[in-house]
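Listed below are the residues making up each chain.
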Amino acid sequence: MDLVELNRRVREAREAAEARGETFYPGPSRIHLAAFPPKERWSDWVELDSKAWPARVEKRFMLVPTTCFNCESACGLLAYVDKDTLQIRKFEGNPEHPGSRGRNCAKGPATLNQITDPDRILYPLKRSGSRGEGKWVRVTWDEALDDIAGRIRGAIRDGRANEIMYHVGRPGEDGFTERVLAAWGVDGHNTHTNVCSSGARAGYHYWLGLDRPSPDHANADVILLISSHLEAGHYFNPHAQRVIEAKQRGAKLIVLDTRLSNTATHADHWVAPHPGSEAAILLAIANDLIRRGRYDREFVRRWWNWQEYLACEHPGAPSTFDHFEGVLKTLYANYTFEFAAAESGVDEHVLRTIAEIVASAGPKLATHTWRSASAGNLGGWQVPRCLFLLNALLGAVATEGGTYPNAWNKFVPRPMYLPPHPPAWNELTWPREYPLAMNELSFLLPHLLKDGRGRLEVYFTRVYNPVWTNPDGFSWIEALTDERLVGLHVALTPTWNETAFFADYVLPMGHASERHDLHSYEQYDGQWIAFRQPVLRAARERLGEHIADSRQVNPGEVWEENEFWIELSWGIDPDGALGIRRFFESRQAPGRKLGIDEYYGFIFDHSVPRLPDRAAAEGLTPLGFMRRYGAFEIQKRIGPIYAAPVPQGELDDVRADRFGRVYTRAPAPPDPNIVPTGSPEPDAEGRRPVGVRVDGEILRGFPTPSGRLEFYSRTLAEWGWAENALPTYIRSHVHRDRLAPDQKVLISTFRLPVQIHTRSANAKWLDEIAHTNPLWIHPSDARELALRTGDLVRVETEIGYFVVKAWVTEGIRPGVVACSHHMGRWKVGDAGQRQMMATVALERNDRSWVMRRMEGVGPYPSPDPDTLKIWWTDVGVHQNLTFPVHPDPVSGQHCWHQAVRVRKAAAGERYGDIAVDTRRAAAAFREWLALTRGADDYSPDGTRRPYWLMRPLRPSKGAYRLPDRAQPARVGAE
Amino acid sequence: VELFRALAVLAESPGPGQVRIAATLGLPGTPDPPQHTELFALQLYPYASVYVGAEGMLGGEARDRVAGFWRALRRVPPHEPDHLTVLLALYAALAEHERDDRDPARRLLWGQSRKALLWEHLASWLFAYLHKLSAIAPPFYRAWGGLLAGALAAEIGAVGPAVTLPLHLRRAPPLPDPRTAGAGAFLRGLLAPVRSGIVLTRADLARAARDTGLGMRVGERRFILESLFGQDAGSTLAWLESEARAWVPAHLACERTAGDVARFWAERAEATAGLLAELRREPASPSQQYGSAGTDASAITL
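Top line first, the protein sequences correspond to chains C and V. Just so we're aligned, residue 7 is where the first sequence starts under my numbering, counting upward by one. Just so we're aligned, residue 1184 is where the second sequence starts under my numbering, counting upward by one.
Simulated from the structure, these hints should not be mistaken for laboratory data. Predicted, not measured: the structure shown is a model, and the values here were computed from it. Be a bit skeptical, because a hint or two may be false.
[As the list claims (entries may be wrong)] Among chain V residues calculated to face chain C with C-beta under 7 Å, some are:
#	residue
1	1185
2	1192
3	1198
4	1200
5	1216
6	1220
7	1256
8	1259
9	1334
[Claimed, not checked] The following residues of chain V were derived to be distant from chain C, with all beta-carbon distances above 10 Å:
#	residue
10	1212
11	1237
12	1325
13	1393
14	1438
15	1454
16	1465
[What the hints assert, rightly or not] Taking CB as the label site, the calculated pair distances span:
#	chain 1	residue 1	chain 2	residue 2	range
17	C	303	V	1212	52 to 60 Å
18	C	674	V	1262	57 to 65 Å
19	C	26	V	1282	21 to 29 Å
20	C	790	V	1262	43 to 51 Å
21	C	701	V	1285	31 to 39 Å
C-beta: ideal position from N, C-alpha, C; glycine also.
Between the sequences and the hints, there should be enough to build the whole structure, so can you do that?
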């Protein structure tokens, strides 16, 4: 054995592989032998039966991967299928999943609770009394489908396509249903995003042309987070584990959060500012970087659209970078640490300290904000804009340890069919007053309906619960119970919820292990896809059975959505005359329905680079590989795409505008990744934007109109918001100057890390951990109000009040109170979740509503013996009912923070009491509407909305034209 | 360096990358997933802490010592800092730093780090490990083990002998005597290689059952051992004694390369054989209980 010769052989083989662009060493396995069953034993894994202890009884399992559906992280799960009974016995992490890497939060394993929930909906139900009366009859799927399809067909044929609407909470999939609606030719997609993340999205979008960040936490030197997001919200598990890795390496974690969140407890520096002042702090840090010259000059010079800014805002001034730097120094000069300290209530020296840490990060600054500050405040969309300003100053953009745009760390494979953009514009979701809203004005729907702006013939709520989740739930009930406004309400849901109570059909849809979906999310600098699948289908197919329909393996008649939408689309267009059916037909067997295997098989065969080769190396088809492992990493280390030279083949008849935006006649090369991005417009002669000229080179740039990072947004300036075109600080609606002396700020947007919104209701393990939402109040405020922990307090909002228990804690800033939105589930009658829904009485007197809690939860007999062990009675209070709508006039985001009065509950006021006057809610809607600058008055080009901005289910370009500028939409007397 | 990295990768669950590397090295056949699982997940766990830890299990102080080594190098300890793969990969990285660093002082430090890693966390257990592997592994992994042993010896030749016995070995307590420490501690000690000087895999215990004609009860190793003692303590002691005696020359076979480390292991095996012989010669019946004050409640009957 000649070791020298072997060394040489290995080195040469490695060099040859690397020359081909391949990775030679697979790297340390992500599979820890001590923690995960080896994948080659997934078909026959033996464990001792814990329930048989102390006897040693062996159980044999088949391990089938799927994807968690309990938040949007899409973490990998491994279902343990008992080979004797073919039942799922537990869920653990999937070590083959590149995002979650075998780890899960509490919500993943609790999928077992959901699929075995004794209160879940197992069969299609149709209401038999009046809407909301609580009377239901079981119907067949065919009956439901015939009725729904007939109504949709009628609406489309009669030119009432805008009366069809699909309202989704967490999509949990990459565009399947959007494409269904596009196939129908309907602009009926409605998301929850404007009560969630559109404020944050807007801030990022104006900078990057992409609406989400992808921080490379694991490699950062400094991590700066606004709000509790990472330990309690989106991407909790995949991001949190990487944040902790960075901390172990010595990275500093700074958290700005008014409340001591779980994330804040891990911080090196927890900063608790007055709500809404976050942007002031960020700009003070930016000012410090600028003033002291600690920013990356070259990066700013090359990649900011400073020339466009000077040309638009300083015409006649020299278009030189030196001049811009001079201007830049003045722009933020007023944002001193003294100013930020006065606004935020945080000591000046603390701000200086964190500014120094941020400055020390250089290009290894990972930043993130999603909800809280962005979602709580008027002008909250400027918080991410100011946060990303720090990245843009330090050049920490798409660097190792920096912050990427999401689309570069995400992969949405091109499907078999891409239906055209619908030729319609739905003003119920995209009203003209909000031309720049990042997402649908979903939470205004009851007001817009009552205002006479339209009606709905068929309204789907899908895994979404607007009555409970949205602000102003009583206005939702008023709209949903008015059959003139909503002709048919179909609730697609695995479990009962407050909105489903007001449906006409309740159709049971599958949980994480009962449905197919495909997804990809930005969680590190890489691209991956993960495959959700009905576990028992995959298990039985491994045993040689053929499963044609997920209802064959799911409990009761629970269906999966993919199959449901295909079936419904055939029902709408049975003979193909409407041109819909063709998008749901098999290519292998023309004229027959598209099957799930064919649908996903096509994607995996044709649209996922390297997957076919990887599968073939294991003797599997690509679909077989995904069914076997559940996830596939397409690429690691994407790097700074913006700095890549545009290939010569894409440059034909090139033109550049005066700021260096480069256009080409060459068609875009086919791309299997259809991840949504901004779509800057072509030049006047129809050339497409392809890159940007930087120091003489044509580089790819960003998907913004200028091709650069847009420090200055001409879009905002041209659409009426010139004063907000730069990253700036907007005083919140809960700014201290706007509060009456006896008012406090209520923070309501934080989560309980183990709960899941609507779908967690009967997850018994989670419910036992977290089941109530007391009002956080600082000891100094409690003293003033003579409150102790456990006392009842009445919290008064603009439109009503709720009564909740106090929790006196130093974990909240004085003058601010906080109550988690995750709790307070309720039901009126017997139907519902008995582990987490209080039984309430609803009283309505015209538009005055009162809710009284009649009974908490308690033990009850069911097929699950654990339901007899329920020891908790309190399930919290539904505060969102008492919040009016607060749409931000730019982003459209509902601004959740509330100015409230808090006092000790009076005699006769009981826990859980809620009272609301929806007339006052309507007045609040009109007050905020008056803040808008609508397209009718401000559109610079006669369109409803800048075409380049991202939009779910983007309509055809013609639909962007304003129909009649002489008759702008007006708000009536609701 | 390249060889160490390649050998490290082959201790991982086989995939296409491993197949390619195996072919490059000219190993017989290809890495087979079931064989890999059988060897590394069920028989010979490739973690230093199992072999040099006083508990004979994953983790504990031994793993902390390895993690401390990573930290001393200003590196974040990986999730499993004592896994053979990451240790070999770390060795390759240190050797590369030593080769590439232009600063002579730093190069010297890299060299010292490399030597420390080699002696403290690799050579301290790998020769015993690879000896057992050569006995039970299928041909592909046996060849891999042979290559690794050769590479290890070559590196030792390159860096020179250790100045002191590795800390893991210096801190390793001896095998407890069941007459004073109790049978539970004795059984745990037998299964802790650094205390007993022997490596007992599941396959070895199955062989023990065959050799002694006793019934093999499936379970984890201590459970198997207990059941063998429960059936016939005398035969089991005798079998273990002969096993320990066989380990003495096995350890000494690499004395020229591993020096004090080999002698340490041989002495431990010899002491174990001696204790077992003494216990076997005790006049007590097979049902005698070796428990005493201070033993755990699960002291069993030998």
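Indices of hints not satisfied (ascending): Checked against the structure, the hints that fail are numbers 7 and 18, while the rest are satisfied.
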